[in-house]
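Build out the structure end to end from the sequences listed, making use of the hints.
Chains as they are written, first to last, in my numbering: chain U, 1 to 223; chain P, 1001 to 1477.
Just so you know, these hints were derived from the structure itself, not from any lab. No experiment lies behind these values; they were computed from the predicted model shown. Misleading hints may appear alongside valid ones.
Simulated pairs of lysine to aspartate or glutamate, DMTMM-like, Cα-Cα distance not exceeding 25 angstroms [said to hold, decoys possible]:
1. P/K1415 - P/E1393
2. U/K37 - P/E1270
3. U/K37 - P/E1071
4. U/K18 - P/E1311
5. U/K183 - U/E171
Covered, in the sense of this in silico footprint (three residues per stretch, anywhere, with C-beta under 8 angstroms from a C-beta of chain P), are these stretches of chain U [as the list claims (entries may be wrong)]:
6. 106-115
7. 181-190
8. 210-216
Glycine included, every Cβ here is placed at the ideal spot set by N, Cα and C.
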Amino acid sequence: MSARDEILAGIRRSLGVKGNETIRRQIVQDRLERAPKGVVPARGQVSGEERIALFRTMAESSLATVTEVGTPAEVPQSIALFLRDHNLPATLRMGGDPRLKAMPWSETALEISQGPSEGQDLNAVSHAFGGVAETGTLAMISGPENPSTLNFLPDNHIIVVSAKDIASDYESVWSRVRFAFGKGGMPRTVNWITGPSRSGDIEQTLLLGAHGPRRLHVIVVRE
Amino acid sequence: MTVHTTSPQFKQNAARALHDPQLQKALNNVKQGFIDKRQAAADKLPEFEALRDSARDIKNHTLEHLDLYLEAYEQKVKASGGHVHFARNADEAREIILSICREAGARTVTKGKSMISEEIGINHYLEANGIKPVETDLGEYIIQLRNELPSHIIAPAVHLNATQVEQDFRRVHTHLDAKRDLSEPVQLLTEARAVLRERFLAADVGITGANFLVAETGTSIIVTNEGNGDLTQILPRTHIVLASIEKLVPTLEDASQLLRVLARSATGQEMSVYTTFSTGPRRSGDADGPENYHVVLIDNGRSAMLGTSFEEMLRCIRCGACMNHCPVYHAVGGHAYGWVYPGPMGAVLTPSLIGVDKAGHLPNASTFCGRCESVCPVRIPLPKLMRHWREREFERHLTPASVRSGLSLWSFFAKRPALYRLATRAAMATLGFAGRRRGRFSWLPLAKGWTKHRDFPAPQGETFQARWQRERKGGTA
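So this is what it looks like as structure tokens:
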């Protein structure tokens, strides 16, 4: 018997089942289809300004910095300012996300390069799929225009998120993912990011910038 | 065969740990940090207790239907272009991993933190076969340099102080300036970041564990704060996920319930910094990500725990809260437990996986204070399960003869209440009389274990039961 079959047989022996019981199969099928939500904390169940404010508070408590701009057109200036304020070089790596591409980068002195990161980029910008107000978490999805390496290799990671994509809870993000990728479908990678990289492995002292970005800066686009 | 154990020498290990000043200093960090942070996180979320119930129920439901969820998961992984391998034991798992590495022509392998990889001892095996494994979690990297096992399941180097890490870095990073300043923890971190960045970019295969596997989508989930797990899995051409079979959950919603209790219980964070959901290999047109995605599902004793009282242990999500709150762990640290899993969860899991004959001391190393159970996010009744091991140990005649005859003698009296009362009254009177002058004993027959370290007070007055009886009837002393 193959390892697979033997393990499954062992499980069934221990559980005292055969594996072909209709009722068990139905229970499992039903759970997978309905995907019940369980307990969703009330904290995130706010809307409008209140939700954006909660997102901001929670993201900041995870040690990210957050700024708001009115329109997508204001993002490049805002990034240029952020880099200058932190004495960082005016360089920026990004993927081909159409929302980012459409922004007026030429109005700034930023030196833009495109593509995934190979570990040499100091600064990168990505566009989030959404945000979660409950914990100030950003949800990123991978794809041809959104390389995952940009989320981890640069020292300074800037994430742009539309205010309308900031949800109350994780469950709302999953329902949007299902709408985009079909039930049971997933992008190759979904990254939830809550603050900049850190480690407490040396004497339980919190230090930022363990392997991933030392800084996480979030730009919320209101419109 | 799994990694070497020193669990049978728990008593010697513990004695050594208690007299190790470096270790005792480091263990103070556990007592201070983790407990307050977890409490603060729990207090901030009114639904926390309800989420613990939900987490418990999800795990129970999954375990009850584990065969079917495994089948569903396997199907989804394959549909997304990944490969699923089943391993009955550590030997099979290591063989599978080695052959994937060979197929990928691997010379170096980066690793995210994974307890199951410790359990199957993959690092030594790869090394023996000419492949260099590099641990990338800062704590795991440090203990790999020292050739040690993790002493804590989420903070593997918690037994060390910064000066010890500095010495290791100076010993191993000989390509760097010998006069460099490493007096601050941040300098150690910066050095490790630079050294490991090279390793990430050079690795041919990345091995991670999985906090959860999602049957609905064929997704593996890892949770890190450093980002090392992500660099391990997106940079090399091949990503191998190692997971024991009980990591399964039905849906993304179920995973989200468990994630809400995991970080809060572990480090007191609202959410870990990086929670990553991976489904299959790189898609067409993707600019990065692994070209090959393999999942190795490892049984190694789990399926035999189902349907027994130890099934509850399979709910464990490896948050470490039980050891963070354990007075025994605080006193002796993780290495004394002698195998991969320390603390209360280790005291229950280790006998299941390597045998109660080898690990019988562990479930005995408990004060039964119950703090572990009171903080467990999936409500595993750890003290009850430790007691079950003690019973099994007794039934299998593994307890020493002196303990067995002592327990038999005690149970003889305990089952005969009248005789018990008479005997305790007589013993008290005798001891009280014998010790009437000094009020204490520095030596007593059969009580060397006590009197070696402190005096035994001579009893006075009446027995507890006698007093209880009298006061219940309304009398006073």
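(request) List in ascending order the numbers of the hints, as given earlier, that are violated by the structure. (result) 6
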